[in-house]
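Novice: Sequence:
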Amino acid sequence: MKRVIGLLAIVGAALTLAGCGITAKDIPYTTLEAKYGGPASHYMDLPGGLHVHYRDQGKADGPTVVLVHGFAASLHTWEPWVARLAPDYRVISLDLPGHGLTRAPDGYTAAQATNVVVVDELTRNLKAETFVIAGNSMGGGVAWAYALAHPERLRGLVLVDAAGWPRETKGNEKPPIVFKLLGNPVGRAFLRNINPRPLAARGLKSAYVDETIVTPALVDRYVELALAPGHRAILTSGRDGPQRRIDKSVFGTIKTPTLVMHGEADTVIDVSAGRGLASAIPGAKLITYPGVGHVPMEQIPDRSVADLKAFLASLPAT
Numbered sequence: 001m002k003r004v005i006g007l008l009a010i011v012g013a014a015l016t017l018a019g020c021g022i023t024a025k026d027i028p029y030t031t032l033e034a035k036y037g038g039p040a041s042h043y044m045d046l047p048g049g050l051h052v053h054y055r056d057q058g059k060a061d062g063p064t065v066v067l068v069h070g071f072a073a074s075l076h077t078w079e080p081w082v083a084r085l086a087p088d089y090r091v092i093s094l095d096l097p098g099h100g101l102t103r104a105p106d107g108y109t110a111a112q113a114t115n116v117v118v119v120d121e122l123t124r125n126l127k128a129e130t131f132v133i134a135g136n137s138m139g140g141g142v143a144w145a146y147a148l149a150h151p152e153r154l155r156g157l158v159l160v161d162a163a164g165w166p167r168e169t170k171g172n173e174k175p176p177i178v179f180k181l182l183g184n185p186v187g188r189a190f191l192r193n194i195n196p197r198p199l200a201a202r203g204l205k206s207a208y209v210d211e212t213i214v215t216p217a218l219v220d221r222y223v224e225l226a227l228a229p230g231h232r233a234i235l236t237s238g239r240d241g242p243q244r245r246i247d248k249s250v251f252g253t254i255k256t257p258t259l260v261m262h263g264e265a266d267t268v269i270d271v272s273a274g275r276g277l278a279s280a281i282p283g284a285k286l287i288t289y290p291g292v293g294h295v296p297m298e299q300i301p302d303r304s305v306a307d308l309k310a311f312l313a314s315l316p317a318t
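Number 155 in UniProt numbering belongs to position 155 of the sequence shown; there are no gaps in the numbering.
For the record, the hints were derived by calculation from the structure and aren't laboratory data. Predicted model, so just to flag it, every value in this text is computed and none were measured.
With a cut-off of at most 30 Å between alpha-carbon atoms, the simulated DSSO-like pairs for lysine-lysine come out as follows:
| hint | residue 1 | residue 2 |
| --- | --- | --- |
| 1 | K35 | K205 |
| 2 | K127 | K59 |
| 3 | K205 | K25 |
Simulated DEER-style distance windows between Cβ atoms:
| hint | residue 1 | residue 2 | range |
| --- | --- | --- | --- |
| 4 | T23 | R275 | 37 to 47 Å |
| 5 | T31 | A310 | 40 to 50 Å |
| 6 | P290 | D26 | 38 to 48 Å |
| 7 | K127 | L315 | 13 to 23 Å |
| 8 | D26 | T109 | 11 to 21 Å |
| 9 | G107 | G38 | 22 to 32 Å |
| 10 | M44 | S249 | 27 to 37 Å |
| 11 | G38 | R303 | 19 to 29 Å |
| 12 | T31 | R275 | 34 to 44 Å |
| 13 | A83 | G291 | 15 to 25 Å |
| 14 | L315 | T23 | 46 to 56 Å |
The beta carbon of each residue, even a glycine, is placed where N, CA and C say it ideally should be.
Please work from the sequences and hints to get the whole structure.
Specialist: Have a look at this one:
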């Protein structure tokens, strides 16, 4: 009965949202590239028909930091960190398939493992032999999975409100409605077609906590990039089959020096997940931020970068 009631609630929410925004057409990549690209933007063709948007900025001969964004976000979310790291570090950021300005072929299915491959191929082609990888949310899941797959290439691992720790429901959690819709096949079907704008402002305000950061320009960026050809299909892909369950013990095998950063007011991934990761990864350092939500790198860039730099300075030289 609970499942039926839950399904009806999801259908009702989806119908309401669809009624508010109806459907939305794709926005051509050329239009999006003109608005959200720029002098720092570059593109790389990778196997499987991927045309990956990335930026390689900062001090060319400095230690390398690779930044991986979260679900439905883009490399733009890292701009506050890039600006503060650039004087001393080489900073590589990228748009994963289904996100930002990266193009993927029809039928592409998003997965953590394929995202790890994208990061690996891109960094190898850019001659970044060793680096520190930092990931936020879904990108945090990609980062720790990369640490498991390619520990020999990493100097450090930074998990920012990272996904992956087995979820423990909290009474005060109010995740954005988009995640509820993604958890159900009916909701996913609606998300593949409806205009994402009715979801965006509400979801972003919940995630960012500080509503002053959620400007019209930020909402436009999330909405318009989600309307890139094929993105809505990819964002809702890979969820209809059996879901992989993470055994907590896997994190105990990570040997890379690790920093875990987590906002204590995060409503998307509870701070208990950050504490769990830090306790499970040998030697990991945990920093939590009172009153901060899901994206510390944007909400408190100065403080979070200062903590990041202290961690980077503590790592052994290459």
